[in-house]
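Using the sequences and the hints given, assemble the complete structure.
Taken in order, these protein sequences are the chains called F and R.
Residue 21 is where the first sequence starts when you use our numbering, and the numbers rise one by one after that.
Residue 10 is where the second sequence starts when you use our numbering, and the numbers rise one by one after that.
A hint or two may mislead.
Said to hold, decoys possible - Which chain R residues face chain F? A few, computed with CB under 7 Å, are given here: (1) Ala212; (2) Gly224; (3) Gly282.
To be verified - Label pairs and their in silico Cβ distance ranges: (4) R:Ala127 with F:Ala144: 52 to 60 Å; (5) R:Ile131 with F:Glu164: 41 to 49 Å; (6) F:Glu269 with R:Ile131: 21 to 29 Å; (7) F:Gly50 with R:Ala127: 48 to 56 Å; (8) R:Arg137 with F:Ser197: 30 to 38 Å; (9) R:Leu253 with F:His194: 50 to 58 Å; (10) R:Tyr33 with F:Ser46: 54 to 62 Å; (11) R:Ala146 with F:Gly75: 40 to 48 Å; (12) R:Val41 with F:Asp107: 51 to 59 Å; (13) R:Gly177 with F:Lys152: 41 to 49 Å; (14) R:Gly52 with F:Ala144: 19 to 27 Å; (15) R:Leu308 with F:Ala144: 20 to 28 Å; (16) F:Ile52 with R:Tyr33: 51 to 59 Å; (17) F:Lys152 with R:Ala127: 48 to 56 Å.
Since the hints were made in silico from the structure, they are not lab data.
Built from N, CA and C at the ideal position, the CB exists for glycine as well.
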Amino acid sequence: MIIADPTSTPKPNDGTVKPLRLDGISKHFGGIVAIKRFDLEIEPGEIVALVGDNGAGKSTLVKIISGLYQPTDGEIWLNGERTIFRDASDARTKGVEVVYQDLALVDLQPVYMNLFLGRELRKAPFGTLDRKEMATRTQALVDELDVRIPSAKSTLSDLSGGQRQGIAIARATHWASSLVLMDEPTAALGVAETAKVEETILKLKERGAAVLVVSHNMEQVFRIADRVTVLRRGTQVGTRRVADTSHNELISMITGLAS
Amino acid sequence: MTITTHVKTGTASDVLRHIDWRQYVVYIGFVVVFAYFAITQAGNFLNTTTLVNIITQAAPITVMAVGAVFVLSVGEIDLSIGSTVALASLGSAVTLQATHQWWLAALAGLAIGAGVGAVNGIFITLVRLPSFLVTLATMGLVAGLAQQATNLQSVPVTNSAFGWLFGGGTLLGIPILIWWTVVIVAIGWHVLRQRSFGAHVLAVGNKSSAAAVSGIRVNRVKMVVFIVSGMAAALAGLLYAGRLAGATYTLGSSDLMSVLAAVIVGGTSLTGGKGSIIGALVGSLFMSMINYGLLLGGLNVAQQLIVRGIIILAAVSLSLRAKKNS
Ligand SMILES: Nc1ncnc2c1ncn2[C@@H]1O[C@H](COP(=O)(O)OP(=O)(O)O)[C@@H](O)[C@H]1O
Ligand SMILES: [Mg+2]
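Now the structure itself:
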């Protein structure tokens, strides 16, 4: 019987408020244990990578934190408060934004509409759409994050895959007050576009966002993450500072084979 | 691992940017056909009576086309509007006979339209059936109800207030049917372009999964759109009943094709996410003008149907071709 898992994140009582704290999260699907007692804390301005083999439980964990699944056991704390998400839009309201793998954007709408979709800005006296203000704020945000697009008024379908993922990240940044979750944000992108999106993710960090990013790409983990936590068949094998680990160590943690 | 650089070719994105040309087809077509009739029919065509007739004849189609822009924009189709015209106009006329209250009659008609729309919406959103099949079924069902309701008998409309409001009235010297056209088009344009609801309709029609994760209640949006479409058809039914001073089960039976043609020629996408209310208005006037011009030119109803069919084919081809390019 395991009494304490020495490799899991320590739970310091240092009094600082963390954007995210997961405490003993488990998820069972019928008889399948998809996640077993997962612990994690993320600081403001910190990027934590979540790695693991296919079926390790990464997407399940992201879905729990984004309100799509209820954990079977364990606690989610946001900004120091115990939280239960009723559903995905409840999690959004509480400041958790997700950058989806399959781009949750609408192609035929302008960039600014995509940024504000479902939360449009409206103006007095008739509550009509304030397109001008949405475009202005979008332009300011993409400028700040250095996502290069022709204009905030461009139609999304006129942009490249990398530019679109940049917009998806900008949207998450704009609305996230606690945490940004990314499930393989560069999986569908080429090398140059991946580099650009990674720059955008680092800009999020500068702005003080807490980021949890699922990645299959070890080089990417070393380029952008501060810490990395490893799942193997639902079990959290360990969490390391990126500066204190190596490629080989991570691979053996992921596969369970000594290197 | 292969390294691919995705460079969008200049020509491809230029074409995409100029995809809007499709939206101008109807305006150009309108001007060209207008000029053609003006020249060939001269004084027969170029007079106020003719122009007023073109707009007033088109009024029921225009009203339904505004509803249909929302339906197509949300990525669905409503085949039941023609039958709804008949049932709503009959329901309204019968209510008028019984109560002699024009507003009760109007409410009864609109409630029938809303009811048909709600039934469509429930089967499409809750039972999750394709709108094509649901509204194909309700098209037949509602047509049957309309025939059953008065046993194929026409119902006269003799109430003068009703006749004024939905048919022959004028306000400030302008025919009431033109007012209805202007008001419904203005409301439709405002809601689609200026309100959150319109943006949600377009987003759902473009990619409903993206709309859903953005917090938009997809089913609610679709439900409202189908109710609006049913009510637009009902209002069209009232306009027929007012203009013709009576209701009968054949009203609206050939309107589905005209409405879809007007909307598609007007630049609304058949596959959702893109809609133009002004385009639908011009499309509707365009169809009406063609009917009128062909009538003046001595073509019979059968020949008019053939020409109209050809125009619809051309419009659908343009719409689908543009879609494939994007
Ligand atoms: N909805 C579900 N119902 C049943 N089992 C599931 C469900 N979602 C995930 N699982 C199981 O949980 C495990 C983890 O899956 P997942 O989180 O998708 O892994 P990863 O994203 O790391 O590849 C897998 O064994 C998978 O089959
Ligand atoms: Mg996954």
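**Prompt:** In ascending order, which of the hints set out earlier in this document are inconsistent with the structure?
**Reply:** 4, 6, 7, 14, 15 and 17
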